[in-house]
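Engineer: Model the full structure from these sequences, guided by the hints.
Spelled out from the first residue to the last, the chains are:
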Amino acid sequence: MNKPETLKKLRVVGTTPVRPDGQEKVMGRAVYGDDFRLPGMLHGRVLRSPHAHAVIKSIDTRRAEKLAGVRAIITGKDFPKPSVALVPMGEGGYFDMNDFADNVIAKGKAFYHGHAIAAVAADSPHIAEEAIALIDVKYEVLKPVMNVRQAMAKGATVLHKEFNPGAFFMKTERVLPNASRLELKNGDAAKGLKEADVVVEREYTTETVHQGYIESHICTAQWDSNGLITIWCTTQGAFAIRDQVSIILAVPMSKVKVIPLEIGGGFGGKDTAYIEPLATMLARKADKPVKIVMSRAESLLSTGPSSGTYMKVKMGAKKDGMLSGGDLHFAFEAGAFPGGPIAAACLTSITRYNLPNVRIEGFDVMVNKPKIKPYRAPGATQSHFAVETVIDELAEKTGMDPVDFRLKNVTKQGDRLILGFPCPPIGSVELLTAVKNHPHYNAPLKGAHRGRGMAMGFWFGAGLTSSAELSVNGDGTVQLCTGSCDLSGTRLTLSMQCAEALGIDIDDVVPSIGDTHSVGYTFQSVGSRTTFATGIAVYETAQKILKQMAERAALIWQAAPDDVVFGEGIFTHKNDPSKRFGFKELAAKLDHSGGPISAQSTVTPHGVGFQVAAHLVDVEVDVETGKVEILRYTTFQDAGKAVHPDFVAGQMQGGAVQGIGWALNEEYWYNEQGQLVNTSLLDYRMPTALDMPMIEAVIIETGNPGHPYGVRGVGEVPIVPPPAAIANAIYRAIGVRPDALPMTPAKILKLLQQRRGSAAA
Amino acid sequence: MSTRMRVAATVNGESAEFLCEPRQSLLEVLREVLYLTGTKEGCNDGNCGACSVIVDGTLVNSCCMLGVEADGRSVETVEGLAQDGKLHALQQCYLEETGMQCGFCTPGFLMSSKVLLDTNPDPTDAQIRHWLSGNLCRCTGYDKIIRAVKRAARMLEKSK
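In order, the protein sequences belong to chains A and U. Quick note: the first sequence uses my numbering, first residue 138, plus one each step. Quick note: the second sequence uses my numbering, first residue -9, plus one each step.
Just so you know, the hints here were simulated from the structure itself, not pulled from any lab data. The beta carbon of each residue, even a glycine, is placed where N, CA and C say it ideally should be.
Examples of chain U residues lying across from chain A (beta carbon under 8 Å, computed):
#, residue
1, T27
2, G32
3, E86
4, T88
5, M90
6, T96
7, L100
8, C129
9, G131
10, D133
Each pair of labels, with its calculated beta carbon distance range:
#, chain 1, residue 1, chain 2, residue 2, range
11, U, K148, A, D759, 39 to 47 Å
12, U, T0, A, G732, 49 to 57 Å
13, A, K726, U, K148, 41 to 49 Å
14, A, E202, U, S5, 37 to 45 Å
15, A, V168, U, S5, 25 to 33 Å
16, A, D361, U, K150, 50 to 58 Å
17, U, K150, A, R717, 45 to 53 Å
18, A, P714, U, K148, 45 to 53 Å
19, U, M(-5), A, D260, 14 to 22 Å
20, U, T114, A, R717, 50 to 58 Å
One side of the interface only, derived from the structure: several residues of chain U facing chain A at Cβ under 10 Å:
#, residue
21, E69
22, P97
23, L122
Structural biologist: Structure, rendered in structure tokens:
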């Protein structure tokens, strides 16, 4: 790794150019999932289980087959056994591919309302829709289990007779018929709590929420006569879809080519193959390309969501505000198959603080809901809701300012983490100092039922593998191809790092996103990793280009390659400064000095910079209706080095608003039978412009030595603090502490009634 | 099978004649019949605004209007916003103010913002937020969208 360049003056990194893909997007010309079409293409629709838990007794497709325009029908029986059983699925854990395959289409048992049962390809989407209504399925309906406490209770209905426990980041051990467990320990939790002067213990629940990307899941698949499968889809990772399709359909990876189209939002929910294997099988059976577009209801029913939880947190502090011990218990929904975000929830729950004596227990719990998928800092938002409200209460009870209390306890570089290694450079002190010094923190907040709250957030981020390729043209422009799908403008942030490294203008870099057959392996755009890890791939590739160009300069000057130095965009002969080439000048001479050059890198960087954020919020509670109004909101975050400060601010604002939605409105509503009843965006209520104030973004930059320009990931941590920050603000507004998400008007009214009741008693 | 009907409308200032099934929404007709795929489907039930278009000057969720209802009417879509190769002030400001991340909801926001500025050239923040509350964006948190609309309003005012 090259030394960090953060101290050097950067020319491109840190500026705010306009994104190269932007114009096509504002003109409506960019090609998203559903904007792609092939000649002769058929349209697929999926029949989904109306029951939360049922044995499939029979599927009769005869009536549907007779409908004019129906070209193919598939059920679970059309699928082979997956070619690989266990695979590493990002960030350290293993997943059972049989579960992935069973989630794509039910084989004998439907595990949630919306589980795919059969799929049809027809001449038009309308005919396909009519056809799925003609498929006769006989079910034996079973009792569903719909939350973690039900599922962990004695005598609960069992989802799977056998299962392979798993979670990303860590292994879990099967301990109950529907649950597996992990435990983390540091010191002696009981001793730490005994030594505390103040102990707070609280229980919390949160509900299932969805990522809520505005573009649903969409793909078009083709199976050609050579056996090559081509899939055009909207995804966070072409290679992730390639790997899953290949294993689920038991075909070689090289025979699956995934071409990523523009993506209309993902937030962690779009790296799973749901409809891709179905469209591919339909395409083979019908011998024509097939497009499947998931409806909004299907997307809510069958994809995403993030876990509903039950959490119990006990923490203690000494009079001087030093945390002394903690005993934390988290039970997270995994959905219908094992492997939810429990490990990440546990690992991130207290990592930002030094807690000498702690025990953390986590349960990964299966319930009859769609398979839980990552959602922006998966698991951390829920566990922070519990821990950051307990921290707030401990600060109150020790008579300390909540920021000072945190400043006293935050992890600093070199402190031993519960993960067992010393903390890398981390910006918590700088972050909290910025909160204290900000006008928002010091502004008076007047008026009845108003309160100010703050909470901190922590997330690891990910390194993992990325590839980049650069080609230099005779006119000095370059093409940059990476494997990272662009969710929010990363074409630009990668191009900026390329321009910085090569000493050229941003306009001279033309970026593209490769498909699985045109670029090296690249892990999906998740884990706040694209600008960081793919950025390093770009930087490394640029170094290779510079080396090759220096060799050409040496050739032209009849010098040794070591005599050529590069700096500030100029190649110079170190013994004869009159000999110099600008990048473009030298590029023009490539053709006649050995031909054009290109370079490629595949990297797996390890120097991930921890992400920390703090959110400060003023709320007003309407005590008549229970509605919580956000009056003012400020987000603080350590970006390491903000490559494009406007984009970083955008991540902070967007993440904050998703977190506010989670805090106040969003939840899955299930009826007694385990059927999801709010399957539209009217009833699954995400924040609108009217619900939100302006959100101020304060970017702190404490460089990450693991990246040449000091970059930390920024995408995920902004969703983490809002529920806790808002809960803490509500407490200051009305004197009661919310313990359940979402903090709806009904729940707030109930808290107010309880307060009145206890005041009267 | 339904019989297709002949519809004559004006789309982005040009006359457009097409055949469509009575059950097809205007959104489906724009995308699947006229190949104007800039208008997006986000929910298909009128709750996200990604399919916003302008029909005879009125903002419409095109998923909730039938294609046959466009007969004799003038429809404006995102593809008609730029004129003579020059971006509309709103397009330019959404771009420069980074009022988009994934860009999927952007066409709907642009059309919605256009009707706002056509009818109220100098809206307050609250008016912008109220008007745009029918359009969902999951990426930006709306902050930069509001800034983009405000700046576009100033630009349009200056160019008058």
